[in-house]
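J.: If you're matching them up, the sequences are chains R and H in order. Every letter in the first sequence is one number past the one before it in the working numbering, and letter 95, counting from 1, is 95. Every letter in the second sequence is one number past the one before it in the working numbering, and letter 103, counting from 1, is 103.
These are calculated hints, taken from the structure and not from any lab test. For clarity, every value in this text was computed on a predicted model and none was experimentally measured. Built from N, CA and C at the ideal position, the CB exists for glycine as well. A few of these clues could be false.
As the list claims (entries may be wrong) - Pair by pair, the computed Cβ-Cβ distance ranges are:
no., chain 1, residue 1, chain 2, residue 2, range
1, R, Leu362, H, Arg16, 53 to 59 Å
2, H, Gln70, R, Asn345, 46 to 52 Å
3, R, Leu166, H, Pro109, 43 to 49 Å
4, R, Ala162, H, Gln116, 32 to 38 Å
5, H, Pro109, R, Thr218, 35 to 41 Å
6, H, Asp85, R, Pro267, 42 to 48 Å
7, R, Ile198, H, Lys15, 36 to 42 Å
8, R, Arg212, H, Lys15, 43 to 49 Å
9, R, Val197, H, Asn105, 28 to 34 Å
10, H, Pro44, R, Val205, 32 to 38 Å
11, R, Val182, H, Asn82, 49 to 55 Å
What the hints assert, rightly or not - To give an idea of the interface, some chain H residues facing chain R are shown, with a C-beta separation under 7 Å as derived from the structure:
no., residue
12, Val9
13, Ser12
14, Arg21
15, Leu34
16, Ala56
17, Leu60
18, Phe66
19, Arg69
20, Ala84
21, Gly93
22, Asp102
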Amino acid sequence: MTLHFTPLAIIITILATAFAAFLSQMALAVFNDGVRPFLLDFYRGDLSRAQMTAIAFGLSAGFIFGLGVPIAFSSGILNPWVLFLPSDILGILSPKKWLAPILGAIWGAIVVFGLSAATTVANSLPVNFLTAMQQMATPILFLFAFFPAVAITMQFGRIRGAIAFLISLLVMLITMKWLTQVFPGAMALAAGMVMLVIFAVVEEVNANREARAEAATTSASNAAVASETSEGGVAVEAPAATEVSAVEDETVSIFATNAARLRKNAPFFIVMGILIGVLANTHLFAGGEATSFIIAKGQYANAAQVDFYRALGFIPLIVTTAVASGAFQIVGFTLVYPAAYLLPNPILAGIAGGALFGVEVLILSYITTGLGKLRVIRDASDNIRNAINLTLEVAILFGSIAAGNAMAGGVGIALVGGIYALNEALGRPVVRMAAGPVGVILAGILLNLLAYAQLFTPIVVK
Amino acid sequence: MSTIYIGGVGKSDVKRLLEQRRDPKLKIVVSNDLEAGPILKRSPDTYYIGTCHTGAGGSLGAMLAFLGRQKCHTFGRQARINTADVQKLLDSGIRAFGLSVDQINTVVPALVDAIQARRPEGGTA
Chain R
1 MTLHFTPLAI IITILATAFA AFLSQMALAV FNDGVRPFLL DFYRGDLSRA
51 QMTAIAFGLS AGFIFGLGVP IAFSSGILNP WVLFLPSDIL GILSPKKWLA
101 PILGAIWGAI VVFGLSAATT VANSLPVNFL TAMQQMATPI LFLFAFFPAV
151 AITMQFGRIR GAIAFLISLL VMLITMKWLT QVFPGAMALA AGMVMLVIFA
201 VVEEVNANRE ARAEAATTSA SNAAVASETS EGGVAVEAPA ATEVSAVEDE
251 TVSIFATNAA RLRKNAPFFI VMGILIGVLA NTHLFAGGEA TSFIIAKGQY
301 ANAAQVDFYR ALGFIPLIVT TAVASGAFQI VGFTLVYPAA YLLPNPILAG
351 IAGGALFGVE VLILSYITTG LGKLRVIRDA SDNIRNAINL TLEVAILFGS
401 IAAGNAMAGG VGIALVGGIY ALNEALGRPV VRMAAGPVGV ILAGILLNLL
451 AYAQLFTPIV VK
Chain H
1 MSTIYIGGVG KSDVKRLLEQ RRDPKLKIVV SNDLEAGPIL KRSPDTYYIG
51 TCHTGAGGSL GAMLAFLGRQ KCHTFGRQAR INTADVQKLL DSGIRAFGLS
101 VDQINTVVPA LVDAIQARRP EGGTA
């Protein structure tokens, strides 16, 4: 496998990290969803730049080296963790506005040139672990088809979970038999998502109906209490009620101020959207762990489907943290990824990215109001994130062990699996999702050293 | 009685873990940041445990806006915590905790032990 960064890809990566750092310098946007809530205190002046930098570094460092770098190195595709977690930190630590884009640009250049140099070196080695990593796409694509069933089990219990699982399997088998030109995992995934949406909507409607019925009975009993107290004198309910509404008013006004701050800065986000759109359209950048390996194999339509469903798991989180902090997500609602993978050229992808980010920022406050009411949907989103993680952890571990097998047979399996188990025992310094790829990289380096020492005879990696 | 509101990605895992304690003195409510935020703000002896991948985004989320940064703490992806440290955090008035989903089994028990241990001293929370 070879990697060619076109001049456009190099320039757009550098521009994207530069502009991302510029946005985080002004506390307008960060990529790390965990850092975002703290930005409210930062731009209000309650947190110093040094404190904020420490927070951002603490929450991001593990994901840069424990997720972003290994996924980029093992797939040969850029990802947002390796590009934008550092740009968050570099922007936040820059005391001056002009410094942030310079530092961001330097980081972008380091990543692009570093990654292509590292891939070139890796490709020239006797044991080619990058080619071995091609084993990753199949388990990811097939296992991903079952994540909706896992999410359904988490939220709606074992019966509906089992039904969803069986239907997904059935769809997969039917597609394999009669729709041979379609990827079976994609159809099963779509079927699972449809079921998840149906279950969630039905549950939401029922929950609302119950809540309304309950409200009717409590208001009736409240009325009874009120009539009693009016006879007795003191109304006990009143102060509590005012307190509740005061707390809620305060929060609502914070949220409204934050949403207004975001709307006012919409032009900045539109520029970021254009950059991300063009970047994802180069097909040298992928938005997710799974899609890095799928894009690497050139399966853009599958990647778009995967990242579209993944977005459903992240939108409520992004919206809540954005409105609670007044800072946006560097990659928006992540809907730009699927659009940009599929669009035929960078110009259209840029336009789509800019338009998406603009719309997203404008509708933030409406979605927040909706999310406050739609509890089941919000839960579904959490479960989607959890289920994606669960299935991807299995798929990536399997893919990594298969890569180990491709490199060195049983020895490779032992090395990759052993490193994974070791990471678990050490309290998981590398996140599970990246532990397999880290195992493959380490095993690959070791096997190459052994090959040079004539202790291991390389086999042909297919 | 302490009430612990739980939310975020790993809420069902946290719930299962806490239910295994079979502790009558512990009330667990599955919730989320938007719902639990106002409740924590007005009721003493209530706590929030949120989980996500960073330990701060989906975990704390809007909590920082509701309660203020001084009342929130994230363990991040930290794997080992001890009850004494948590005790210190609770003494400083922290009520909402965020942690990474993959550290639930190591962090949550120590955290809840510390919350439970505070009970005899009474409502300083």
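J.: Okay, which hints does this one fail, numbers in order?
T.: Hint check: 1, 3, 7, 8, 14, 20 and 21 fail, others pass.
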